[in-house]
Amino acid sequence: MKLFEYEAKNILTKYKIPTPNGGLATNLNQTRELTTKLKPPLAIKAQVLVAGRGKAGGILFANSTAEAEKAAEKLLKTQIKGIAVKSVWIEEKIQIKKELYFGITTDRFNQSYIVIASTVGGMEIEEIASKTPEKIIRFLINPHSGFHSFHARQIARKMGYAGNQLSELERIFEGLYRAGMDYDAELIEMNPLVETTDGKFVAADARIIVDDNALFRHQEYKNRLLEGESELTPQEAEAMKNDLAYVKLDGNIGVIGNGAGLVMATLDTIQYYGGKPANFLDIGGGAPAEKIATALKIVLSDPKVKALFVNILGGITRCDEVARGILEAKAKVGTTKPMVIRLVGTNEEEGKRILTEAHIHVLESMEEAAQRVVEISKYGGK
Amino acid sequence: MVVIIDEKTRAIVQGITGAQGSFHTKLMLEYGTKIVAGVTPGKGGTKIYDLPVYDTVEEAQEKHSANASIIFVPAPFAADAALEALENGIKTIVIITEHIPIKDAVNVMAHAKKVGATIIGPNTPGIITPEKSKLGIMPAHIFKFGSIGIVSRSGTLTYEIAASLTRKNLGQSTCLGLGGDPITGLNFIDTLKMFEKDTQTKAVVLIGEIGGNLEELAAEYIMREKYPKPVIAFIAGRSAPPGKRMGHAGAIIMGKAGTAESKIEKFQSAGVKVAEKPGDVAELLAKLAI
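Chains as they are written, first to last, in this note's numbering: chain A, 1 to 382; chain B, 1 to 290.
Isolated chain B (complex conformation) (with noise of 0.2 angstroms):
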């Protein structure tokens, strides 16, 4: 078993004639994820890659039954987007988008948990299992099918410790980005549970960053419930200085909350390493010996 997409995932791309949403639906058709068509507004009726394009996710849903959905679409559209494939039955979806205003990503949100639908993002990389299927944007030859879970707050730094890991030859079981916004749909937690109960993920790889208290939060979770499978910890951000947004919309330290430190110290005393370096966790994995 793998977590959230498998071999059963028919997904349908929203946003899928513009730049990004072609050329990565392309990505993904090539390392096997069945996507079953494209919605664009006013493209209804033409064709990409062999694939139907759709005025409306109603239309798609009618004709391909889809059950997860991955989003290209232009911030000020994102939301509207996502609550049209919420709204038509869809339950993962997956919103690359990045910039959505945080107003909107609360509604989304809302209307998610309502329907009970999994979202995965905003400006997420997406997740991959690696060699079996990808609803993303990651580059897919640095990663490796293995044991390793990873979760992040991050896209790029999740590829260089990605591909760290992979040079070493600990292969990921599945790979998922939680977004870099201050509102995402999953949390660390959530992802947390998703891979205990995955009897793929021996270890879990948790990539945080400066900014909210998902990351504390986690460390308190883990050290409660004594986490089963054994987690190491990154965090970016030791270095930004406080009121700074640091790309990320969600990555900034207020006042004196967010801060690298506080997220260290409160996973290092729940009995999780946290890595000094991104090169680091490939050795603190390999210590462990799984």
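In isolation and in its complexed conformation, chain A is listed as follows (with noise of 0.2 angstroms):
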């Protein structure tokens, strides 16, 4: 879960790692409380989770109050990205010496967190690594022993950092580790950490995402998730709450399958065949009717949707059950959007019995089905 750039920089607050003085808005008002106590020039930055947020204008500048306020207000009209801007963030803009970058990551080989800390900073880490590897530094956290103190010497020594400088750096890094382990962050990156023109360091842009699996230890973000202030599309917003794996996709073939890397290969297969999915949604294992009607209804709801695809391989799932799933949500939806049914696996003769008796065709090859789908989506189905 991707936290808001003010719920990042209010947690490196609390780990005592300097920010830039600011302060949240959502309305006029409490633009107007913000804009007299803080010291202009001033950044107004639209609260949004999207990427590439600064150029498609949502982060503005503004050299008095009045122009502070002025922003903020036509900020909080727009929409980035077709996304409405819901709050900003205003701060005083940093006299920039120099920009760095420091952040914490998983390591997926090495089962482990990675620190990876550059003297350039300020666009996304890869261009970084691509553009300028020998500039970028990886530490691998030992899972037993943590990352001290001296960890963070030794790489603010290799940044080119001496005396006070490396002894606030220190403080700096060892603080954003105890942040990243204590919210079960997968990656936290301030990014740039800026080099003031006056010596000093300061987190202007924080980014914290917060493992999903851990969010049961993070009551307080998964709640924000589910009050529906983050950027799901109502059908990622209703899987969630249902428990389904759902992403909302660009095409017009609605998927549902069991298994991530089921569903995955049913997108690719359907790609491959010319057609263009809607979604990938995954019901896991040994999904009920009940479960099965509800992941046709959310796929159903897409207005884009002109046909569907059910591709299921029944190990744990039982097939009979996903055809009681299909004819409950069928019923219920009322709709006459064209299936294609692809049921193999546990109980698979009592699955096609049911749909067949319902005059649903009921495949055996994920290709063919795969084929019969993008056809129907493309010249329709009969």
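Because the hints were derived from the structure by calculation, they are not lab data. Mixed in with the good hints there might be a few duds.
[As the list claims (entries may be wrong)] According to the in silico footprint, chain B covers these stretches of chain A (three or more CB under 8 angstroms from chain B):
1) 65 to 79
2) 123 to 130
3) 213 to 226
4) 244 to 252
5) 263 to 270
Given the structure is predicted, the values throughout are model-derived calculations rather than measurements. Yeah, the Cβ is synthetic: ideal placement off N, Cα and C, and Gly gets one too.
Quick one: dock chain against chain with the hints and give me the complex.
So, in structure tokens, the structure goes:
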């Protein structure tokens, strides 16, 4: 789960990591309150979870209080890449001498957390790594002993700092590690971490992605996600409430399957035959009829969906339950959209019988079914 | 010889009294797996399918000296269960549970490394040596004993490909799921090494997906070590958009890292044939004439 910039900055502040003086505003009164307290020039930043926010016009600058109020008012009325701006973060502009990068993420191969630091910052880390790979410092954190002050000092020294500046970076790096661990971050980064013209360090922007699987330990964010203030589409939010893995895509073939890998391969096969999937939806293992019906309802609620492809390979999922779920959803939603069903595995015969009696044709091969649904999506069904 | 599990495997089931745990214990027993006991805290002293249930792994070990464990414990408690198995001397652990936090998984893997234990998963269908033994939840009837080793990051996609192999009379030596999480015990390279040593295995099917760089590292390993057995790969997620988690916690393209293209390109440059559709894997294998 991606946190908003203001949430990330509030966490950093808790760990005594310097961030620019600033605050959050959702309306004009709050904006006014903030702008009178803060010293211009100011930066006004839309709180939206889209990549490339700056380029999309989500960050404005102001040289006076009046200008800042105008900028905030403007941003609060706009949409950034289709997402409405519900709040803005207003902060004092800082005097930049140098932009650095410091982040902690997971290293899958080494089954550990890894620090990535660079004396070049302010752009995506992959870009830094490809443009100036020699400036990237990697440090694998030993899971037994953790990340200590001396590790932070070693990294600060490698970045070319000494004396008071080294001590200050030590404190910041160590604080970021603790924040990352405490909040179950799969990624926590300061980008840029700014060295100011007077030699201090300030985290000008911060990004935190909380491990979705650890949200049960961070209820405040889980609630925020479910209450709608997030980047989720209506279908994604509904799927999350029902414990279904759903991702919205931009095609017109609705897809439902069991197992993440199988559903991904289904999307790929549709694409291979020239079709465009509208979504990814994994019902998981052993789903009962009601859950399958919910899945169908969610996919069919997307107006772009012209045809539906249900691809089930029953292991612990039973084909008869799937068949009942399909009929249940069909009855409730009253859809006339064409469906292609591929159903094999546990209780396959019973599943086929149920659907065939309801005049729904069942196919056995995933490839054949994918071809069929692509044809329907292009030329209409019978 | 088979990979990781064999006739000498004596397993316990942690979380044996839960819905998934009991259901799959029954199927594993029917398949011939030697399950010696179960553990569910608070249910000690009871029995299930004539197997004794204990409150702790320690007690199960005092009486049965198992050498493997399969874990069905819910995510918030799964890391605790795995550490309990490790501290009580169990060297092969299959973690079926999905949604285990990364921080917990990192901790479990670090302890496993220290004591030299093998962890399969989390979020794995487990491991099966067809017609002999299985520690997992896969539907056994789609597998058939033979000479193809399968290693995969996905459950049902493995079933899809294994079933198509079985239909073409291409049996399997061992099929193993690494797990769909970002942090898993075994990786592709570990498994390639096991298949290399296994005389039963004549060719390897490697089923990867978007996210991370384990496939790229495997491709580099195959090229560098001139891997002696033929490998056929399939990568799921060619059509996946960046920044979206595709069902598995580990299946996500971050920025430009972890794309299907990058993995496919690496495999092809290592001389590994990459199937375009799941059904093509069996055809590519058949051409090898092994």
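Here is what the structure says about each hint:
| no. | hint | result |
| --- | --- | --- |
| 1 | 65 to 79 | violated (count 0) |
| 2 | 123 to 130 | holds (count 3) |
| 3 | 213 to 226 | holds (count 4) |
| 4 | 244 to 252 | holds (count 3) |
| 5 | 263 to 270 | holds (count 7) |
Hint compliance for this structure: hint 1 alone is broken.
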